[in-house]
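For the protein sequence lines, the chains are C and D, in the order given.
Once you know that position 296 of the first sequence is 352 in this note's numbering, the rest is easy, because the numbers rise by one and skip nothing.
Once you know that position 150 of the second sequence is 206 in this note's numbering, the rest is easy, because the numbers rise by one and skip nothing.
Errors might be hidden in some of the hints.
Which copy is meant is left open, because identical chains are indistinguishable; a pair holds if it fits in one copy or across any two.
Straight-line Cα separation of at most 25 Å, SDA-like style, residue types lysine to any residue; simulated pairs [as the list claims (entries may be wrong)]:
#	residue 1	residue 2
1	Lys69	Glu317
2	Lys192	Ala166
3	Lys192	Gln135
4	Lys192	Glu160
5	Lys192	Gly138
6	Lys192	Thr274
7	Lys192	Ala164
8	Lys192	Asp288
9	Lys192	Thr299
10	Lys192	Pro93
11	Lys192	Gly161
12	Lys192	Val313
13	Lys192	Glu162
14	Lys192	Arg94
15	Lys192	Ala134
16	Lys69	Arg255
17	Lys302	Ala99
18	Lys302	Gly81
19	Lys69	Leu111
20	Lys192	Ser165
I should point out that these hints are in silico values taken from the structure, not numbers from a laboratory.
Just so we're clear, the structure is a prediction, and the values are computed from it rather than from any experiment.
Number of protein chains: 2
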Amino acid sequence: MGAIRIAIVGLGKIARDQHLPSIAGNDAFTLAATVSPRGEGLAEVPNFRSLDALLADGPAIDAVALCTPPQVRYDLAAQALGRGLHVFLEKPPGATLAEVVALEGEAASAGVSLFASWHSRYAAGVAPARAWLADKMIRSARITWREDVRVWHPGQAWIWEPGGLGVFDPGINALSIATHILPRPFFLTEGTLSLPANRAAPIAADLSFRDSAGTPITMDLDWRQTGPQTWDIVVETDAGTCTLSKGGAVLTLPDGVEAREDREYAGLYARFAELVQTGQSDVDVAPMRLVADAFLRGHRMVVDAFED
Amino acid sequence: MGAIRIAIVGLGKIARDQHLPSIAGNDAFTLAATVSPRGEGLAEVPNFRSLDALLADGPAIDAVALCTPPQVRYDLAAQALGRGLHVFLEKPPGATLAEVVALEGEAASAGVSLFASWHSRYAAGVAPARAWLADKMIRSARITWREDVRVWHPGQAWIWEPGGLGVFDPGINALSIATHILPRPFFLTEGTLSLPANRAAPIAADLSFRDSAGTPITMDLDWRQTGPQTWDIVVETDAGTCTLSKGGAVLTLPDGVEAREDREYAGLYARFAELVQTGQSDVDVAPMRLVADAFLRGHRMVVDAFED
Numbered sequence: 057m058g059a060i061r062i063a064i065v066g067l068g069k070i071a072r073d074q075h076l077p078s079i080a081g082n083d084a085f086t087l088a089a090t091v092s093p094r095g096e097g098l099a100e101v102p103n104f105r106s107l108d109a110l111l112a113d114g115p116a117i118d119a120v121a122l123c124t125p126p127q128v129r130y131d132l133a134a135q136a137l138g139r140g141l142h143v144f145l146e147k148p149p150g151a152t153l154a155e156v157v158a159l160e161g162e163a164a165s166a167g168v169s170l171f172a173s174w175h176s177r178y179a180a181g182v183a184p185a186r187a188w189l190a191d192k193m194i195r196s197a198r199i200t201w202r203e204d205v206r207v208w209h210p211g212q213a214w215i216w217e218p219g220g221l222g223v224f225d226p227g228i229n230a231l232s233i234a235t236h237i238l239p240r241p242f243f244l245t246e247g248t249l250s251l252p253a254n255r256a257a258p259i260a261a262d263l264s265f266r267d268s269a270g271t272p273i274t275m276d277l278d279w280r281q282t283g284p285q286t287w288d289i290v291v292e293t294d295a296g297t298c299t300l301s302k303g304g305a306v307l308t309l310p311d312g313v314e315a316r317e318d319r320e321y322a323g324l325y326a327r328f329a330e331l332v333q334t335g336q337s338d339v340d341v342a343p344m345r346l347v348a349d350a351f352l353r354g355h356r357m358v359v360d361a362f363e364d
Numbered sequence: 057m058g059a060i061r062i063a064i065v066g067l068g069k070i071a072r073d074q075h076l077p078s079i080a081g082n083d084a085f086t087l088a089a090t091v092s093p094r095g096e097g098l099a100e101v102p103n104f105r106s107l108d109a110l111l112a113d114g115p116a117i118d119a120v121a122l123c124t125p126p127q128v129r130y131d132l133a134a135q136a137l138g139r140g141l142h143v144f145l146e147k148p149p150g151a152t153l154a155e156v157v158a159l160e161g162e163a164a165s166a167g168v169s170l171f172a173s174w175h176s177r178y179a180a181g182v183a184p185a186r187a188w189l190a191d192k193m194i195r196s197a198r199i200t201w202r203e204d205v206r207v208w209h210p211g212q213a214w215i216w217e218p219g220g221l222g223v224f225d226p227g228i229n230a231l232s233i234a235t236h237i238l239p240r241p242f243f244l245t246e247g248t249l250s251l252p253a254n255r256a257a258p259i260a261a262d263l264s265f266r267d268s269a270g271t272p273i274t275m276d277l278d279w280r281q282t283g284p285q286t287w288d289i290v291v292e293t294d295a296g297t298c299t300l301s302k303g304g305a306v307l308t309l310p311d312g313v314e315a316r317e318d319r320e321y322a323g324l325y326a327r328f329a330e331l332v333q334t335g336q337s338d339v340d341v342a343p344m345r346l347v348a349d350a351f352l353r354g355h356r357m358v359v360d361a362f363e364d
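Bound-form chain C, shown alone (with noise of 0.2 Å):
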């Protein structure tokens, strides 16, 4: 098999700062072209308006990585998986469950390849935490994730829209790596979302969750923090403690600590060419599910307006 012909749609901040530098990188991959409706695209290769206009008129292609936000997902997927191309979902994989359930179907009758990509699991800490934690008994976790939406979504409004997840959309991150690392299911056992006056989607959300053996795991998510940014899992085990530090990047157990480079989307498109080149798919909507869990079942405040 050549390389993977791989065209980007939606040219993006995580588009720039992360899906080319990876493709780059990945020699089974080439990037054939862009979709970006500002016609804002590269030097190198050719940039369309739409996916309908790259299908039409641009070069050939195996495969699209979809980079725009989860509410227009599910169309361009769609159309994608219905032209024989695999596809490479950024997080969230969409805007509902359903929908994300639906394209796996489509996926399997198309005969290619969904991937619905988690980036933090490839964080370094993350691999190494979960072989750890495999054998240990888990007396608590706790996510800490608290960040400031100014510095990372700046004017993003769609983030605040139904369909968009607010402060979710980061604290997705913690719970796909707490999801991975952690060796039983968890689920909701009771939540407050705080929405600010003037949006639709939290600012901030505490939860609670448990496991099928009763071990508490709690999650504070906050997108109010200025100053120094958190991004913490904390598992109290009887072998003592398991902390996951900047995001998954930094491991620290009992015997040390391990910090090592951190290839999150490089890994993330190891996997991507691993599963093109074995026919298979990758959706674990785990994560998802407990997000449209919190909205289901969460307590709903209201705190005071947000401003960009």
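Based on these hints, arrange chain D on the given structure of chain C.
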């Protein structure tokens, strides 16, 4: 195999109106006990204040039917599965999607049957509607579910709490039918939830769905209807109109009307017996996933306070 010795947990309206007669009418089951915290049992069998008390001091049982509010169902189900009992869950199967998925895993580990029941799927018109629709080209579907909450849920505070579903408590019945009779999966594209100023759960909802072929499906839910009640699903096809009315009991096709005796809960218990006897589970979360998606993606609109 002898008759399945079953206990009913939660002796409220649905248990008395539906479960008890259906168990009495099915030779595959024998009612062994009831659990009702208020101690108002039946004359025929012993009553216990809790499942704990039943398991400690009660007669031998093979299965439980959980008719409690969804917010407390997980713990009861997990406890029962852990004791090797088969479990029948009233709808909705839980307060969150993740807990239902967790239960599915626990049932598999315990080697017992878990049945997430959807009684409306057993309404008389549903199976023939599904068969008729299977080979038609579907142009649209319209769900109208309007009832008077004061008649159907008098004073049931739990239904308005987070984890209760508000108007989706009846609405999930419509979704359980629609997900069963329509040939393709569908997902929410837009929706508005109307929340009484003094309640956590919606009293009305206006939703738009689409299936993977682009078919529009709309849903109009309202709990403020007085006078005649409406539980209709109208499907337009290339071969004419299919109308399910009275909650699925009456089917009208282009060549006439079919109305048969309504045996919803008899059908559920026949299915549960079959699952137990064949060692299978039946857990389809599709209706609940659509409700979670509506909470996740829907716009919220505050409407007049609701007083019982």
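Results of checking the hints against the structure:
{"no.": "1", "hint": "Lys69 with Glu317", "verdict": "within (21 Å within a copy, 60 Å between copies)"}
{"no.": "2", "hint": "Lys192 with Ala166", "verdict": "between (42 Å within a copy, 22 Å between copies)"}
{"no.": "3", "hint": "Lys192 with Gln135", "verdict": "between (45 Å within a copy, 23 Å between copies)"}
{"no.": "4", "hint": "Lys192 with Glu160", "verdict": "between (34 Å within a copy, 24 Å between copies)"}
{"no.": "5", "hint": "Lys192 with Gly138", "verdict": "between (45 Å within a copy, 22 Å between copies)"}
{"no.": "6", "hint": "Lys192 with Thr274", "verdict": "within (19 Å within a copy, 49 Å between copies)"}
{"no.": "7", "hint": "Lys192 with Ala164", "verdict": "between (37 Å within a copy, 23 Å between copies)"}
{"no.": "8", "hint": "Lys192 with Asp288", "verdict": "within (19 Å within a copy, 53 Å between copies)"}
{"no.": "9", "hint": "Lys192 with Thr299", "verdict": "within (14 Å within a copy, 56 Å between copies)"}
{"no.": "10", "hint": "Lys192 with Pro93", "verdict": "neither (50 Å within a copy, 38 Å between copies)"}
{"no.": "11", "hint": "Lys192 with Gly161", "verdict": "between (36 Å within a copy, 20 Å between copies)"}
{"no.": "12", "hint": "Lys192 with Val313", "verdict": "within (18 Å within a copy, 62 Å between copies)"}
{"no.": "13", "hint": "Lys192 with Glu162", "verdict": "between (39 Å within a copy, 20 Å between copies)"}
{"no.": "14", "hint": "Lys192 with Arg94", "verdict": "neither (51 Å within a copy, 41 Å between copies)"}
{"no.": "15", "hint": "Lys192 with Ala134", "verdict": "between (42 Å within a copy, 22 Å between copies)"}
{"no.": "16", "hint": "Lys69 with Arg255", "verdict": "within (23 Å within a copy, 40 Å between copies)"}
{"no.": "17", "hint": "Lys302 with Ala99", "verdict": "neither (34 Å within a copy, 62 Å between copies)"}
{"no.": "18", "hint": "Lys302 with Gly81", "verdict": "within (24 Å within a copy, 61 Å between copies)"}
{"no.": "19", "hint": "Lys69 with Leu111", "verdict": "within (24 Å within a copy, 57 Å between copies)"}
{"no.": "20", "hint": "Lys192 with Ser165", "verdict": "between (40 Å within a copy, 20 Å between copies)"}
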